[in-house]
Amino acid sequence: ETGVTQTPRHLVMGMTNKKSLKCEQHLGHNAMYWYKQSAKKPLELMFVYNFKEQTENNSVPSRFSPECPNSSHLFLHLHTLQPEDSALYLCASSQDWGGTEAFFGQGTRLTVV
Amino acid sequence: KQEVTQIPAALSVPEGENLVLNCSFTDSAIYNLQWFRQDPGKGLTSLLLIQSSQREQTSGRLNASLDKSSGRSTLYIAASQPGDSATYLCAVSGSARQLTFGSGTQLTVLP
Numbered sequence: 001e002t003g004v005t006q007t008p009r010h011l012v013m014g015m016t017n018k019k020s021l022k023c024e025q026h027l028g029h030n031a032m033y034w035y036k037q038s039a040k041k042p043l044e045l046m047f048v049y050n051f052k053e054q055t056e057n058n059s060v061p062s063r064f065s066p067e068c069p070n071s072s073h074l075f076l077h078l079h080t081l082q083p084e085d086s087a088l089y090l091c092a093s094s095q096d097w098g099g100t101e102a103f104f105g106q107g108t109r110l111t112v113v
Numbered sequence: 001k002q003e004v005t006q007i008p009a010a011l012s013v014p015e016g017e018n019l020v021l022n023c024s025f026t027d028s029a030i031y032n033l034q035w036f037r038q039d040p041g042k043g044l045t046s047l048l049l050i051q052s053s054q055r056e057q058t059s060g061r062l063n064a065s066l067d068k069s070s071g072r073s074t075l076y077i078a079a080s081q082p083g084d085s086a087t088y089l090c091a092v093s094g095s096a097r098q099l100t101f102g103s104g105t106q107l108t109v110l111p
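Quick mapping for you: the protein sequence lines, in order, are chains B and V. Straight run, no breaks: the first sequence in the working numbering ends on number 113. Straight run, no breaks: the second sequence in the working numbering ends on number 111.
Be aware that a few hints might be false.
As the list claims (entries may be wrong) - Below, simulated DSS-like cross-link-like pairs (lysine-lysine); rule was C-alpha separation at most 27 Å, straight line:
{"#": "1", "chain 1": "V", "residue 1": "K42", "chain 2": "B", "residue 2": "K22"}
{"#": "2", "chain 1": "V", "residue 1": "K42", "chain 2": "B", "residue 2": "K40"}
{"#": "3", "chain 1": "B", "residue 1": "K18", "chain 2": "V", "residue 2": "K42"}
{"#": "4", "chain 1": "V", "residue 1": "K42", "chain 2": "B", "residue 2": "K19"}
{"#": "5", "chain 1": "B", "residue 1": "K36", "chain 2": "V", "residue 2": "K1"}
{"#": "6", "chain 1": "V", "residue 1": "K42", "chain 2": "B", "residue 2": "K41"}
{"#": "7", "chain 1": "B", "residue 1": "K36", "chain 2": "V", "residue 2": "K42"}
{"#": "8", "chain 1": "B", "residue 1": "K52", "chain 2": "B", "residue 2": "K40"}
{"#": "9", "chain 1": "V", "residue 1": "K68", "chain 2": "B", "residue 2": "K41"}
To be verified - Footprint (simulated), chain V over chain B, 3 or more residues, beta carbon under 8 Å:
{"#": "10", "region": "37-44"}
{"#": "11", "region": "98-112"}
FYI, nobody ran anything at the bench for these hints, they're computed from the structure. Idealized CB from N, CA, C, for every residue including glycine.
All chains, full assembly: derive it from the sequences and hints.
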């Protein structure tokens, strides 16, 4: 049990579908993050939420829409994705934004067909 | 812009050997450096966190050092075991308060 739980673990979706990824952390942390990990590339930060407020959006296309209803839950809403969006999407949390140890979930393996 | 480089990209060693993984970063103004382990298709497991004021951290057979002025960190693994086979990632948290990751070192420990 890592303390950060992501669902689903695997997702296959068509380019016209709408789906959502869910992340939940049980660590009492204030900051949550979405990362994208593509084959042969370093992890890329997508979004940062600190105390439920979005603080970073690293030029992510609007077909990815994050939502943070409270400090324990983070969603990534997906719509009209492209095949190149297929990747491992990782959620992480830390006590504070940027300066403390980050803990990651197991990821959602997304395949866009 | 912070850049993180990990060398080597891949490493294969026989069981029992001691080994060193290297990480370098371009901007020395960091808050901390974190080493992670990633098994195939899985998430990241935090191994060690070194604050910018620290020189090293130890956990079991793992020892991580940090030389902030030269922009370098090493992860030392003692008496390697096949279960240590994984990809090891280095990440730094800097002034932008973002974790910047290296591309990782894929380690294989042969029985």
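How the hints compare with the structure:
1. Proposed proximity of V:K42 and B:K22 is supported: the alpha carbons are some 16 Å apart, at most 27 Å.
2. The suggested pairing of V:K42 with B:K40 holds, with an alpha-carbon distance near 15 Å, which does not exceed 27 Å.
3. For a cut-off of 27 Å, the pair hint linking B:K18 to V:K42 stands: about 24 Å separates their Cα positions.
4. A threshold of 27 Å between alpha carbons decides the hint, and for V:K42 with B:K19 the separation of about 21 Å falls inside it, so the pair holds.
5. Distance restraint check for B:K36 and V:K1: the Cα-Cα separation of roughly 19 Å lies within the 27 Å cut-off, and the hinted pair is therefore satisfied.
6. For the hint pairing V:K42 with B:K41, the CA-to-CA distance comes to about 15 Å; that is within 27 Å, so the pair holds.
7. In summary, the hint linking B:K36 to V:K42 is supported, as the alpha carbons are separated by about 13 Å, within the 27 Å threshold.
8. Of the pairs offered as hints, the one joining B:K52 and B:K40 is violated, with about 32 Å between alpha carbons and a cut-off of 27 Å exceeded.
9. For the suggested pair V:K68 and B:K41, the alpha carbons sit about 25 Å apart, so the restraint of at most 27 Å is met.
10. Beta-carbon proximity to chain V at under 8 Å applies to 4 residues in the region 37-44 of chain B; the threshold of 3 is reached and the given coverage holds.
11. Given as covered by chain V, the region 98-112 of chain B passes the check, having 11 residues with a CB less than 8 Å from a CB of that chain where 3 are the minimum.
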